[in-house]
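J.: Taking the hints into account, I'd like the entire structure generated from these sequences.
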Amino acid sequence: MKSLRNLFFIILAVLFIMSCISKKQYAGDIDKIGEGNVIIVGCIELKPPLEEYEQSFWDQYRNRVYFSLEKNILEFNDSNIRNMNNFVEAILGNDFYIKKMYSKELYISCQLVAVAFSDGYLYLPGVFQIEVPQGCKVAYIGKIRYHRDIYSAITKVEIIDDYENAKSQLEEKYRKQVNMCRAKIKLIEQK
Amino acid sequence: MCKKNFKCISLFLGVGVILLLTSCALFKGPIYLEEPTNEKHSLVFGYIDMEEAPSDLKGVSMIRLSPKTDEPSDENPKIVYPWYFFSVNDGIFFHEFVQPGIYRFDSFGGSTFAAGYHYSFPAQGKKDIDPVIKKPGIYFVGSYKFKMIKKTTMFEQGEYDIIKINKPTEKEVLEKMLEYTGDTIWKKRISIKLKELDR
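Chains as they are written, first to last, in our numbering: chain A, 1 to 191; chain B, 1 to 199.
Rather than coming from a laboratory, the hints here were simulated on the basis of the structure. Computed from a predicted structure; not experimentally measured. Take these hints with a grain of salt, some might be off.
To be verified - Short, incomplete list of chain B residues facing chain A, as computed with Cβ under 8 Å:
no. : residue
1   : Asn-38
2   : Leu-65
3   : Ser-66
4   : Lys-68
5   : Pro-82
6   : Phe-85
7   : Ile-102
8   : Arg-104
9   : Asp-106
10  : Ser-107
11  : Gln-124
12  : Gly-125
13  : Lys-126
14  : Ile-129
For each residue, glycine too, the CB sits at the ideal point set by N, CA and C.
T.: Written out as structure tokens, the structure is:
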């Protein structure tokens, strides 16, 4: 089943979405994340990466991936488009840093990669459950690597432990040592 | 699952298609096939029944997935964007300059007096309609019907499906296409193909 769109709706959707997508990556001081919060460090990667012709026509969407931190996956339609507020924007292949209220179980879901064709994105399947050790303030979940075939169908999902690299990048960013723990991550839904 | 209605990025292409369609709308007569400009060119064609659609069919687009580029040209020395925009006559869509490669149909569209419409094929996974062109020839990608699932107003999103149908057949579509060949080499090639289909 596919969606039917007319030009008017597309323009409306663009205006809504561009104003609603939240860029929730944490850019503050790593030592001042606030009581009860945790920084989630991870990465989403696409193999092979996007070709030039697949890239969005707009620079701000090049190599961009959007994902939700909710377990209940959101639907993008005109009635709940405001839920785009719950989405995080990250760059494919780059580590992201997200501040969340600590919970024993956190989630990543509904991964979308911006592209130039069809509906304007590729869908990366899977809901991931993250278990953060108690007391951990900076938690590394790993690199989620999606493999695709020539038709962009996802053929394999891997979780790569690139902890040392992520830690050194984080420490370089903040120019200080960071106590980063490993969180458990598992795929709980393949759709 | 995550419903696939994230649509902001498709505006540019959508607008491009709509502009193309609008310009096509000004031209009322049939579009004729042109002579191939190199020996590698194939004719790719198909049919979409738009009876249930809110618009007619004025354009279809396809992307070449492999090889990545054609020979670099003076105008575009680094990359050749692999988009193919098909001509349309009465629901029959065709492109007579298709190089060997692996392709994916991307979108189609049409218009009414008041608005332009842009529809997407699924972006991921191989579909029946997606051709693999190994050697020059004439390739039928099938007949399809636009099936309306949920009608909407201009301000709402609707739902549709594209289903494969048996009619018109490859032979019937090719016979109709003979009307668009003029005296090009395609007239001869289509006639040969029709004889092959009769065997």
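J.: Answer holds if the nearest beta-carbon of chain A is closer than 8 Å to that of B:Ile-102; otherwise answer violated.
T.: holds, 6 Å
J.: Close enough to count: is the Cβ of B:Ser-66 nearer than 8 Å to one in chain A?
T.: holds, 6 Å
J.: Are B:Pro-82 and chain A close enough, Cβ to Cβ, to be under 8 Å, as the hint says?
T.: holds, 6 Å
J.: Can B:Ser-107 be said to touch chain A, with a Cβ gap under 8 Å?
T.: holds, 6 Å
J.: For the hint on B:Arg-104, does the least C-beta distance to chain A fall short of 8 Å?
T.: holds, 6 Å
J.: Measuring from the C-beta of B:Asn-38 to each C-beta in chain A, is the shortest one below 8 Å?
T.: B:Asn-38 check fails; min Cβ-Cβ to chain A is 22 Å, beyond 8 Å.
J.: Let me know if the C-beta of B:Gly-125 comes in closer than 8 Å to any C-beta of chain A, holds or violated.
T.: holds, 4 Å
J.: The hint names B:Gln-124 as touching chain A; please verify it with the least Cβ-Cβ distance against 8 Å.
T.: holds, 5 Å
J.: Have a go at the B:Phe-85 hint: is there a Cβ in chain A nearer than 8 Å to its own Cβ?
T.: Hint violated; B:Phe-85 Cβ to chain A Cβ min 13 Å, cut 8 Å.
J.: Take the shortest C-beta to C-beta distance between B:Lys-68 and chain A; is it under 8 Å?
T.: holds, 7 Å
J.: Against chain A, is B:Asp-106 within 8 Å by beta-carbon distance?
T.: It holds, given that the least Cβ distance between B:Asp-106 and chain A is near 5 Å, below 8 Å.
J.: Does the closest beta carbon of chain A sit nearer than 8 Å to the beta carbon of B:Ile-129?
T.: violated, 12 Å
Hint compliance for this structure: hints 1, 6, 14 are broken, all remaining hints hold.
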